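Chains A and B, in that order, give the protein sequences. Take the working numbering: the final residue in the first sequence is number 220, and no numbers are missing along the way. Take the working numbering: the final residue in the second sequence is number 220, and no numbers are missing along the way.
What the hints contain is simulated information worked out from the structure, not anything from laboratory work. Predicted model, so just to flag it, every value in this text is computed and none were measured. Hints may contain errors.
Identical chains share a label here; the pair holds if one copy fits it or two copies do between them.
[Stated by the list, open to error] Restricting the straight-line Cα-Cα distance to at most 20 Å, the calculated cross-link-like pairs of lysine to aspartate or glutamate (EDC-like) are:
1. Lys71 / Glu177
2. Lys71 / Asp173
3. Lys191 / Glu177
4. Lys218 / Glu28
5. Lys16 / Asp133
6. Lys53 / Asp208
7. Lys57 / Asp112
Number of protein chains: 2
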Amino acid sequence: MKQIVIKKSVLESNDKIAAMNRTLFNSEHVFTINLLGSPGSGKTSILENIISKISCKYNLAVIEGDLYTAKDAARIARYNTNVVQVNTGGACHLDAPMIYKALPYINTTNLDFLVIENIGNLVCPASYDLGEDMKVVVMSVTEGNDKPLKYPSMFQRSHIVILNKTDMLSLTDFNKEEFYQDIYSLNETIKVFEVSCRDGSGLDQLIDCLMRAIKNKKDV
Amino acid sequence: MKQIVIKKSVLESNDKIAAMNRTLFNSEHVFTINLLGSPGSGKTSILENIISKISCKYNLAVIEGDLYTAKDAARIARYNTNVVQVNTGGACHLDAPMIYKALPYINTTNLDFLVIENIGNLVCPASYDLGEDMKVVVMSVTEGNDKPLKYPSMFQRSHIVILNKTDMLSLTDFNKEEFYQDIYSLNETIKVFEVSCRDGSGLDQLIDCLMRAIKNKKDV
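Extracted from the complex, chain A is given alone in its bound form (with noise of 0.2 Å):
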């Protein structure tokens, strides 16, 4: 049987899509981010400290994707949060008409901020454009310091890199140096915030740049 190449044709739907979850977003004037990283790199536990410090001030949802089970979403519902549960079924990313199909569980009218938490996945979520602001990155230190170069597309097209788990890092061999001499060699202008959400270090930090971002979208 012939093999038919239809990656192209599917990045194409995809991108009509995600231009119309965009178009959206602008004119409700709502800031997203796509949250992504390598499955344990901490996406969830930074989503709620963000959603702790910033939902008393800003109306915010989350979109929780995952393969299977409903675990993010109920961590996320604790805080009293909007949170639509989008599962995949085994697809390793989350696409744009997922999201599109999942908005109208959301109330957008009066959103400020939507985060799109992506599956667990280094390699396969940097192709798809979601209609997101921005793509953000988590990365922790105990995954070695190698990582950037390795999977090089995640942090080529993400605006932020949150380098998690840095209270673990003098029991690492994790090379600050290189890394942040791999990360600006990929990415001139990408931003790096080291956090521990164990002692709470950087968190203030990323959470004001967020912050600020939520009041330029809403300002626009």
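Based on these hints, arrange chain B on the given structure of chain A.
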């Protein structure tokens, strides 16, 4: 444009080449593992430990899969091991044809043990049979104990789970009881080895298990 679903035929043609690889491994009595896990779970560190303890007894070769770079192959080459780097150029998994093309660069005659280190990804590589005898998945305690239920295919299809970085256990919220409950609910016969590449604990048991499997394959 009509969207054509080609997943079935891609996997079918993968399985044909995987069967050819398997025939070769069986006829040469080469015990072969497909080493899987998230980015940064510790696959290459575990492989370094395996090599240093097994290569004095058995002939060993490694196929290193990465999207880009030859960093891992360079690490492995330091042990004077027969190693081939396969770069997928962005693809998120190794497939059987990639292994088939790499095999001529390894002399399988008199080879006892082949380790294929897959792309760091807990989703896509689970679907692709490479012709291996065993899938071995590495996860680290720093990733959190919820990963098996969130990425079930990988754990359902693996013969061994290596739970790595146990020296960091006390710094995490990792719940071992839940982990074992979840793992065995997905896969009753899976073997679990708790190891730490930092303090060396658990590695001897893992390596004994692999050495028995290598010997069994030689004696077939």
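Each hint tested on the structure:
1. Lys71 / Glu177: The answer is between: 17 Å across copies meets 20 Å, while 36 Å in one copy does not.
2. Lys71 / Asp173: Only across copies: Lys71 and Asp173 sit 15 Å apart there, 31 Å inside one copy, limit 20 Å.
3. Lys191 / Glu177: within (15 Å within a copy, 38 Å between copies)
4. Lys218 / Glu28: This pair counts as within: shortest intra-copy Cα distance 9 Å, inter-copy 66 Å.
5. Lys16 / Asp133: Result: close within a single copy only, 16 Å intra versus 43 Å inter.
6. Lys53 / Asp208: within (10 Å within a copy, 50 Å between copies)
7. Lys57 / Asp112: within (10 Å within a copy, 62 Å between copies)
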